[in-house]
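Colleague: Sequence:
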Amino acid sequence: MKRKRKVLILLLAPCALFLFLEIAVRVVIDLPAKTDFYASIRRDEIPFYQEKFGVRTNSGPDWIHLGWIADPEKQRYAVFRIEPAGETRVAETRYGSCLVENLEPGSRYLFRVQSGDGAFDHTVACATAQHRRAAAMTPRIASAWRPVFRPSKTGDYLNDHTVFRSHDGVWHIVGITAFGEGDYAKEKYFAHGVSREFPPPEGSMMEERDPVADFGRLAWAPHVIVEDRYYLWFSPHRAYLATSTDGYAWKEEGDRSFLPHNPQFRDPMVFKVAQRQWLMYATARDGYYSSVDAYQSFDLAHWQYIGPALAMGWGAERAGAQSSAESPFVFAHNGRYFLSVTYNNDSFFWNPLLLSLGVWPDRGSYNETLVLRSTNPYSFGTYRGKGNSPALAAVLEAHAPEYIFTGGKWYITTAGWPWVASLTKGEVAVAELDWKED
Numbered sequence: 079m080k081r082k083r084k085v086l087i088l089l090l091a092p093c094a095l096f097l098f099l100e101i102a103v104r105v106v107i108d109l110p111a112k113t114d115f116y117a118s119i120r121r122d123e124i125p126f127y128q129e130k131f132g133v134r135t136n137s138g139p140d141w142i143h144l145g146w147i148a149d150p151e152k153q154r155y156a157v158f159r160i161e162p163a164g165e166t167r168v169a170e171t172r173y174g175s176c177l178v179e180n181l182e183p184g185s186r187y188l189f190r191v192q193s194g195d196g197a198f199d200h201t202v203a204c205a206t207a208q209h210r211r212a213a214a215m216t217p218r219i220a221s222a223w224r225p226v227f228r229p230s231k232t233g234d235y236l237n238d239h240t241v242f243r244s245h246d247g248v249w250h251i252v253g254i255t256a257f258g259e260g261d262y263a264k265e266k267y268f269a270h271g272v273s274r275e276f277p278p279p280e281g282s283m284m285e286e287r288d289p290v291a292d293f294g295r296l297a298w299a300p301h302v303i304v305e306d307r308y309y310l311w312f313s314p315h316r317a318y319l320a321t322s323t324d325g326y327a328w329k330e331e332g333d334r335s336f337l338p339h340n341p342q343f344r345d346p347m348v349f350k351v352a353q354r355q356w357l358m359y360a361t362a363r364d365g366y367y368s369s370v371d372a373y374q375s376f377d378l379a380h381w382q383y384i385g386p387a388l389a390m391g392w393g394a395e396r397a398g399a400q401s402s403a404e405s406p407f408v409f410a411h412n413g414r415y416f417l418s419v420t421y422n423n424d425s426f427f428w429n430p431l432l433l434s435l436g437v438w439p440d441r442g443s444y445n446e447t448l449v450l451r452s453t454n455p456y457s458f459g460t461y462r463g464k465g466n467s468p469a470l471a472a473v474l475e476a477h478a479p480e481y482i483f484t485g486g487k488w489y490i491t492t493a494g495w496p497w498v499a500s501l502t503k504g505e506v507a508v509a510e511l512d513w514k515e516d
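To get the working numbering, take the position in the sequence shown, counting from 1, and add 78.
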């Protein structure tokens, strides 16, 4: 009996140690990662903004989305479809989002959103789009990579970046940088390049300008959108915002910064889904698995978490403690939406430790990007591995890519730390992207 007990202990001890280290590493990594659903809209502000925004609608040929300001600590929401025969409950949710699918194109609908306490009760009429959806397309890289920008005055490389065009017709690239071969702890501002064309002519590079967002703290993964002003969102561990009137000089908007709902928040990307409606997609970890979280805004100033745009679950090849779903980028093409996610940071406790030592065991994974396809911009399903994920449209070899449509052509970029990237050596490179019908 004693011998059996010793054997059992010998067998269980390594498992217990592995489990302890796995939990410990995740706890330590999450220590600086504060979270708060109410960081952008305070609890006492909820009734005001619920009344101000009501229920906003967005639609496609066979889906309708209802969006509102939520108070999940106090309220749960029931969504009803109103028909001549009466009301039919179609969903219950604790967040301010409801996606209704499998509807008829060109049809009108009436929905009611009601909180359990009755304090929020709004009825809205909406319609699906008239047209039917075109054929599904799959993206593929269609040319060799060529360099377009590498800083020298403000850093030695560019990693996650954003590409935009200012009102004067100039193209801009803004991205993570530091001196050296790549160290996330030293990345505290963004390198900035400009050119009259994008991509710049063959053999030329974008011109380096003064750094952006030098606010004395870590500055990762910028994304710029152009509205009445230029809005630059960045991270890590919370959403930071800087604005500009010209795309060159930036001012931090400290009162618009907010904490996320889930830990390991970084790489925010903002996409306009309808008039006065935007979604922010961000890297996160929801429990054990990685996710791309979605936040909703009706004014670009106030944001609320509405759920995962992409969940990951059993079967996913990676579930890194610091999240494996990096650099999300959403764009639309031919009546469908595409979510690009650089899929790295392997599972298990030793990978964050190896990264801190400058070791990347599987260099090929650094340039592995998943492209998922959906009929709507709110949900790209659950990723359960390459052979068990219906939304997966393509796997591209690129790191932290941006997707740019200009001059009638699609382009894709790639970048990365020089010490691990295999497609580049510190520069941002660009290639043509084309589409194949499924």
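Simulated from the structure, these hints should not be mistaken for laboratory data. Source: prediction; values computed, not measured. All residues carry an ideal CB built from backbone N, CA and C; glycine is no exception. Check each hint, because a few of them may be wrong.
Below, simulated DSBU-like cross-link-like pairs (lysine-lysine); rule was C-alpha separation at most 30 Å, straight line [stated by the list, open to error]:
{"id": "1", "residue 1": "K503", "residue 2": "K266"}
{"id": "2", "residue 1": "K329", "residue 2": "K350"}
{"id": "3", "residue 1": "K231", "residue 2": "K266"}
{"id": "4", "residue 1": "K152", "residue 2": "K266"}
{"id": "5", "residue 1": "K503", "residue 2": "K487"}
{"id": "6", "residue 1": "K264", "residue 2": "K231"}
{"id": "7", "residue 1": "K112", "residue 2": "K152"}
{"id": "8", "residue 1": "K503", "residue 2": "K112"}
{"id": "9", "residue 1": "K112", "residue 2": "K264"}
{"id": "10", "residue 1": "K80", "residue 2": "K112"}
{"id": "11", "residue 1": "K130", "residue 2": "K350"}
{"id": "12", "residue 1": "K112", "residue 2": "K266"}
{"id": "13", "residue 1": "K231", "residue 2": "K329"}
{"id": "14", "residue 1": "K264", "residue 2": "K130"}
{"id": "15", "residue 1": "K231", "residue 2": "K350"}
{"id": "16", "residue 1": "K152", "residue 2": "K130"}
{"id": "17", "residue 1": "K329", "residue 2": "K266"}
{"id": "18", "residue 1": "K264", "residue 2": "K329"}
{"id": "19", "residue 1": "K350", "residue 2": "K464"}
{"id": "20", "residue 1": "K503", "residue 2": "K350"}
{"id": "21", "residue 1": "K514", "residue 2": "K487"}
{"id": "22", "residue 1": "K264", "residue 2": "K487"}
{"id": "23", "residue 1": "K487", "residue 2": "K464"}
{"id": "24", "residue 1": "K514", "residue 2": "K464"}
{"id": "25", "residue 1": "K84", "residue 2": "K112"}
{"id": "26", "residue 1": "K112", "residue 2": "K329"}
{"id": "27", "residue 1": "K503", "residue 2": "K231"}
Just the calculated beta-carbon pair ranges, DEER-fashion [to be verified]:
{"id": "28", "residue 1": "P496", "residue 2": "L337", "range": "27 to 35 Å"}
{"id": "29", "residue 1": "R441", "residue 2": "E170", "range": "20 to 28 Å"}
{"id": "30", "residue 1": "A352", "residue 2": "N412", "range": "17 to 25 Å"}
{"id": "31", "residue 1": "L95", "residue 2": "P150", "range": "35 to 43 Å"}
{"id": "32", "residue 1": "E330", "residue 2": "R121", "range": "19 to 27 Å"}
{"id": "33", "residue 1": "G196", "residue 2": "G485", "range": "28 to 36 Å"}
{"id": "34", "residue 1": "E151", "residue 2": "F257", "range": "43 to 51 Å"}
{"id": "35", "residue 1": "K487", "residue 2": "N466", "range": "29 to 37 Å"}
{"id": "36", "residue 1": "E331", "residue 2": "F126", "range": "44 to 52 Å"}
{"id": "37", "residue 1": "G485", "residue 2": "E100", "range": "30 to 38 Å"}
{"id": "38", "residue 1": "Y366", "residue 2": "G485", "range": "18 to 26 Å"}
Colleague: Next, verify each hint and record whether it holds.
Modeller: We went through each hint and held it up to the structure:
1. For the suggested pair K503 and K266, the alpha carbons sit about 20 Å apart, so the restraint of at most 30 Å is met.
2. Note on K329 and K350: the hinted pairing holds, with a Cα-Cα distance of about 22 Å set against a maximum of 30 Å.
3. The suggested pairing of K231 with K266 holds, with an alpha-carbon distance near 15 Å, which does not exceed 30 Å.
4. A threshold of 30 Å between alpha carbons decides the hint, and for K152 with K266 the separation of about 39 Å lies outside it, so the pair is violated.
5. Our distance criterion of 30 Å between C-alpha atoms is met by K503 and K487, whose separation comes to about 26 Å.
6. Annotation: proposed proximity of K264 to K231 holds, straight-line Cα distance about 15 Å (limit 30 Å).
7. About 22 Å separates the Cα atoms of K112 and K152, which keeps this hinted pair within 30 Å; it holds.
8. A threshold of 30 Å between alpha carbons decides the hint, and for K503 with K112 the separation of about 34 Å lies outside it, so the pair is violated.
9. Distance hint between K112 and K264 is fulfilled; the C-alpha atoms sit about 21 Å from each other, no more than 30 Å.
10. Between the alpha carbons of K80 and K112 the distance comes to roughly 47 Å, so the proposed pair goes past 30 Å and is violated.
11. With a C-alpha separation of about 20 Å, the suggested pairing of K130 with K350 holds against the 30 Å cut-off.
12. Only pairs whose Cα atoms come within 30 Å are accepted, and K112 paired with K266 is accepted, the gap being roughly 20 Å.
13. With a C-alpha separation of about 22 Å, the suggested pairing of K231 with K329 holds against the 30 Å cut-off.
14. Of the pairs offered as hints, the one joining K264 and K130 is violated, with about 42 Å between alpha carbons and a cut-off of 30 Å exceeded.
15. Among the hinted pairs, K231 with K350 is inconsistent with the structure: their alpha-carbon atoms are about 34 Å apart, more than 30 Å.
16. With a C-alpha separation of about 19 Å, the suggested pairing of K152 with K130 holds against the 30 Å cut-off.
17. As the CA atoms of K329 and K266 are separated by approximately 15 Å, the hinted pair is consistent with the 30 Å bound.
18. Taking the CA atoms of K264 and K329, the gap is near 21 Å; set against the 30 Å cutoff, the hint holds.
19. Only pairs whose Cα atoms come within 30 Å are accepted, and K350 paired with K464 is accepted, the gap being roughly 29 Å.
20. With a C-alpha separation of about 33 Å, the suggested pairing of K503 with K350 is violated against the 30 Å cut-off.
21. Using a Cα cut-off of 30 Å, the hinted pair K514 and K487 holds, with the two alpha carbons roughly 14 Å apart.
22. A distance of roughly 36 Å separates the Cα atoms of K264 and K487; the hinted pair therefore is violated under the 30 Å criterion.
23. As the CA atoms of K487 and K464 are separated by approximately 28 Å, the hinted pair is consistent with the 30 Å bound.
24. In summary, the hint linking K514 to K464 is supported, as the alpha carbons are separated by about 19 Å, within the 30 Å threshold.
25. For the hint linking K84 to K112, the alpha-carbon distance of about 42 Å lies beyond 30 Å, and the restraint is violated.
26. Between K112 and K329 the CA atoms are separated by roughly 24 Å; this keeps the pair inside 30 Å, and the hint holds.
27. For a cut-off of 30 Å, the pair hint linking K503 to K231 stands: about 16 Å separates their Cα positions.
28. Against the hinted window of 27 to 35 Å, the Cβ-Cβ separation of P496 and L337 comes to about 32 Å, which satisfies the hint.
29. The beta-carbon spacing between R441 and E170, approximately 46 Å, falls outside the hinted interval of 20 to 28 Å.
30. The given range of 17 to 25 Å is respected by A352 and N412, whose C-beta atoms sit roughly 19 Å from each other.
31. Look at L95 against P150: about 38 Å separates their beta carbons, and that is inside 35 to 43 Å.
32. The beta-carbon spacing between E330 and R121, approximately 25 Å, falls within the hinted interval of 19 to 27 Å.
33. Take G196 and G485: their Cβ atoms lie about 54 Å apart, and the range 28 to 36 Å is violated.
34. For the pair E151 and F257, the beta carbons lie near 45 Å from each other, so the given range of 43 to 51 Å is met.
35. At roughly 34 Å, the beta carbons of K487 and N466 sit within the given window of 29 to 37 Å.
36. Separated by about 20 Å at the C-beta atoms, E331 and F126 break the suggested range of 44 to 52 Å.
37. Taking the beta carbon of each, G485 and E100 are about 49 Å apart, not inside 30 to 38 Å as hinted.
38. Evaluation of the 18 to 26 Å hint for Y366 and G485 yields a failure: the beta carbon distance comes to about 44 Å.
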